[in-house]
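Protein chains: 2
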Amino acid sequence: MSETTGKATVTMTDVARLAGVSVKTVSNVVNDYPHIRPATREKVQKAIDELGYRMNLAARNLRQGKTGIIGLAVPELSLPYFAELADSVMRAAESRGMVVLIEQTGASRQHELDVLTSERRQLTDGLIFSPLELGPDDADELKVPYPLVVLGERIFGGDWDHVTMNNVDGARAATQHLIDRGRRRIAVAGAHAGETMGSAALRVLGYQAALAANGIPFDPDLVLEGGLWHRSTGADCVYRLLDSGTSFDAVFGLNDALAMGALHALHARRVDVPGEVAVVGFDDTEDAAYSAPTLSSIAPGREQIADTAVDLLAQRIAGSTEPYRRVVADFTLAERESTAG
Amino acid sequence: MSETTGKATVTMTDVARLAGVSVKTVSNVVNDYPHIRPATREKVQKAIDELGYRMNLAARNLRQGKTGIIGLAVPELSLPYFAELADSVMRAAESRGMVVLIEQTGASRQHELDVLTSERRQLTDGLIFSPLELGPDDADELKVPYPLVVLGERIFGGDWDHVTMNNVDGARAATQHLIDRGRRRIAVAGAHAGETMGSAALRVLGYQAALAANGIPFDPDLVLEGGLWHRSTGADCVYRLLDSGTSFDAVFGLNDALAMGALHALHARRVDVPGEVAVVGFDDTEDAAYSAPTLSSIAPGREQIADTAVDLLAQRIAGSTEPYRRVVADFTLAERESTAG
DNA sequence: CGGCGTCTTTGCAACGATGTAAATCCTACC
DNA sequence: GGTAGGATTTACATCGTTGCAAAGACGCCG
Numbered sequence: 014m015s016e017t018t019g020k021a022t023v024t025m026t027d028v029a030r031l032a033g034v035s036v037k038t039v040s041n042v043v044n045d046y047p048h049i050r051p052a053t054r055e056k057v058q059k060a061i062d063e064l065g066y067r068m069n070l071a072a073r074n075l076r077q078g079k080t081g082i083i084g085l086a087v088p089e090l091s092l093p094y095f096a097e098l099a100d101s102v103m104r105a106a107e108s109r110g111m112v113v114l115i116e117q118t119g120a121s122r123q124h125e126l127d128v129l130t131s132e133r134r135q136l137t138d139g140l141i142f143s144p145l146e147l148g149p150d151d152a153d154e155l156k157v158p159y160p161l162v163v164l165g166e167r168i169f170g171g172d173w174d175h176v177t178m179n180n181v182d183g184a185r186a187a188t189q190h191l192i193d194r195g196r197r198r199i200a201v202a203g204a205h206a207g208e209t210m211g212s213a214a215l216r217v218l219g220y221q222a223a224l225a226a227n228g229i230p231f232d233p234d235l236v237l238e239g240g241l242w243h244r245s246t247g248a249d250c251v252y253r254l255l256d257s258g259t260s261f262d263a264v265f266g267l268n269d270a271l272a273m274g275a276l277h278a279l280h281a282r283r284v285d286v287p288g289e290v291a292v293v294g295f296d297d298t299e300d301a302a303y304s305a306p307t308l309s310s311i312a313p314g315r316e317q318i319a320d321t322a323v324d325l326l327a328q329r330i331a332g333s334t335e336p337y338r339r340v341v342a343d344f345t346l347a348e349r350e351s352t353a354g
Numbered sequence: 014m015s016e017t018t019g020k021a022t023v024t025m026t027d028v029a030r031l032a033g034v035s036v037k038t039v040s041n042v043v044n045d046y047p048h049i050r051p052a053t054r055e056k057v058q059k060a061i062d063e064l065g066y067r068m069n070l071a072a073r074n075l076r077q078g079k080t081g082i083i084g085l086a087v088p089e090l091s092l093p094y095f096a097e098l099a100d101s102v103m104r105a106a107e108s109r110g111m112v113v114l115i116e117q118t119g120a121s122r123q124h125e126l127d128v129l130t131s132e133r134r135q136l137t138d139g140l141i142f143s144p145l146e147l148g149p150d151d152a153d154e155l156k157v158p159y160p161l162v163v164l165g166e167r168i169f170g171g172d173w174d175h176v177t178m179n180n181v182d183g184a185r186a187a188t189q190h191l192i193d194r195g196r197r198r199i200a201v202a203g204a205h206a207g208e209t210m211g212s213a214a215l216r217v218l219g220y221q222a223a224l225a226a227n228g229i230p231f232d233p234d235l236v237l238e239g240g241l242w243h244r245s246t247g248a249d250c251v252y253r254l255l256d257s258g259t260s261f262d263a264v265f266g267l268n269d270a271l272a273m274g275a276l277h278a279l280h281a282r283r284v285d286v287p288g289e290v291a292v293v294g295f296d297d298t299e300d301a302a303y304s305a306p307t308l309s310s311i312a313p314g315r316e317q318i319a320d321t322a323v324d325l326l327a328q329r330i331a332g333s334t335e336p337y338r339r340v341v342a343d344f345t346l347a348e349r350e351s352t353a354g
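Those protein sequences? They're chains A and B, same order as listed. Using my numbering, you'd call the opening residue of the first sequence number 14 and step up by one each time. Using my numbering, you'd call the opening residue of the second sequence number 14 and step up by one each time.
Everything labelled a hint here was simulated from the structure, so no lab data went into it. Hints may contain errors.
Which copy is meant is left open, because identical chains are indistinguishable; a pair holds if it fits in one copy or across any two.
Below 30 Å or equal to it, Euclidean Cα-Cα: the simulated DSS-like pairs (lysine-lysine) are [said to hold, decoys possible]:
1) K59 / K37
2) K37 / K56
3) K56 / K79
4) K37 / K156
Given the sequences, and given the hints that come with them, work out the whole structure.
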């Protein structure tokens with residue numbers, strides 16, 4: 014209950030001496046080894062309390078090769094989606110007694126590769142990795158000697174678990190929602206030309222599927238390229254579209270930041286939303302509920318993704334050798350003003 | 014240049030054997046000990062490359078008591094300001110060869126106390142702590158046995174460095190800006206009754222100073238209480254104000270989230286911004302530039318704060334015993350549409 | 001009361017690096 | 001050619017904990 018002012022650091026040896034047992038017994042008590050006489054356990058516990066002993070994690074780490082830290086590699090924390098994802102991952106980790114070391118990869122392919130082999134991987138027992146630049150061809154790079162959970166659908170087929178949102182169906186639902194609101198000229202902001210497996214490609218796929226299902230012709234002029242999924246990109250896309258003279262009555266931002274940028278550009282050009290143009294996003298970040306107008310968006314199951322990812326990773330770290338799994342989170346559509354009918 | 018497929022982990026011993034030197038010499042090479050014959054260094058380096066040797070951080074950590082990890086404790090990553098702050102801190106840390114372990118304290122006093130004594134402190138060489146609930150009376154709790162840098166002005170007077178934004182002057186500038194735009198009935202959203210040292214109190218102080226300097230009477234009815242500085246709180250404040258019938262022609266959101274919430278509420282109630290009511294925030298988070306209308310805000314020098322904090326912490330970790338410092342970052346006003354004149 | 005099988009507890013050797021202090025090697029200088 | 005003195009290198013103990021395997025204790029049975 015109280016702690017004496019141990020001058021330096023208190024070690025197991027100190028505890029052992031005070032309790033009159035061996036160091037190993039103290040270790041056993043601390044690690045909940047089952048075969049310990051209650052009296053002994055009590056004695057040791059008392060000594061621990063009295064000395065205010067805290068286990069030295071570095072030593073345990075050296076001995077066991079585990080740190081209790083998991084890595085989380087995301088593009089950028091300043092993107093709301095990833096900040097919120099990190100939040101969720103940290104909570105999920107905490108509830109399992111782990112902590113999270115976050116690394117940012119920027120939008121850099123090299124940085125994404127680095128993160129996989131970085132010295133820091135020694136500090137973590139496993140990694141949750143959300144790649145943005147690596148693609149199917151990089152599968153070999155992901156053959157790493159530690160537990161790995163990959164978020165997103167860019168890379169398949171290796172020895173790792175996979176947790177992803179339902180990009181295609183989510184995008185289809187977003188598009189269908191616009192169609193249900195009577196829109197026919199639906200632009201897409203943030204497409205990545207040439208990409209086949211990333212979120213951009215998959216969401217565009219869902220978009221096209223929805224158009225097709227409703228007999229709406231696909232117009233390439235409505236597909237707006239945009240590399241980084243930042244607000245500024247979304248704004249640029251819409252400015253370009255307006256300047257091009259192409260008619261449109263809706264914008265599907267492939268993520269919320271793009272959609273926010275789109276809202277911004279439309280507002281700047283005095284285009285009424287949703288009167289003239291409806292807007293829908295993807296991610297359902299917190300700001301979607303507070304923009305003017307509020308933004309309809311696909312909620313991709315962020316909590317579920319975080320929970321599942323941490324869970325799978327924890328199992329691998331604990332030594333699970335089950336077949337690698339692929340989990341697809343459930344999405345929902347959050348309807349707000351930007352698509353009000 | 015190339016790495017052979019060492020079966021298990023490669024240790025210094027392996028390198029030493031291959032290079033034909035002692036383990037300690039390998040250690041010296043790795044640690045850039047100056048007195049090494051070039052030929053030896055080369056031999057060792059070659060062996061290192063050949064074996065693909067990576068130093069075991071756990072072992073070094075045990076021996077040196079340093080991990081290369083610094084802690085960052087913030088209320089919530091899902092609040093844009095803290096996400097952006099974390100981003101900046103991580104970049105600053107990276108440039109100094111350190112990584113960051115982020116912890117969220119929520120809005121919980123207990124959690125803030127826990128973070129200071131958590132077992133995790135063993136995993137970090139020092140902590141950058143941004144308290145929200147602890148106050149001057151808790152100074153004793155901050156007397157911790159590791160390097161600490163405190164952000165914000167809640168707690169002074171202990172053995173730690175202090176980095177803070179200029180809350181009073183920033184708030185004064187924000188308020189003055191509104192006054193310059195001809196506003197006289199300026200509401201404040203997010204005040205904390207009874208608080209004396211927190212950001213809320215200080216910013217309200219700056220607000221009052223600006224009013225006084227311009228001979229504008231202070232009207233308590235315009236001070237809107239709001240605990241958590243979330244968007245929802247900002248919206249609530251404005252709804253309450255509108256419902257109260259109190260007249261006002263401007264809102265100073267004590268942070269951007271509150272201001273965004275205010276914008277949201279005003280938009281929902283069809284109050285024109287900035288025509289009828291001007292709005293200014295504090296933090297200049299990225300979304301301020303993309304709201305509709307875009308939000309004027311005080312940019313508190315986030316990068317500078319992060320850089321300075323990491324720098325001071327790094328110095329302490331390196332053993333500096335200089336007098337503890339207090340650094341106040343420079344702020345600027347970002348003028349945008351919400352206060353257009 | 002001896003023997004045997006569990007329970008408990010223990011000693012010792014790692015884990016992989018670095019601090020210390022001493023050994024060895026050189027080089028310049030007398 | 002010998003030697004002082006700095007430059008290099010090395011042996012060994014040590015950081016604090018846990019795995020291993022064996023020693024001690026204890027309870028039960030015949």
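Now for the hints, and whether the structure bears them out:
1. K59 / K37: within (16 Å within a copy, 41 Å between copies)
2. K37 / K56: Within one copy only: 14 Å inside a chain, 42 Å across chains, cut-off 30 Å.
3. K56 / K79: Cα proximity of K56 and K79: one copy only (28 Å, versus 32 Å across).
4. K37 / K156: For K37 and K156, neither the intra-copy (38 Å) nor the inter-copy (33 Å) Cα distance is at most 30 Å.
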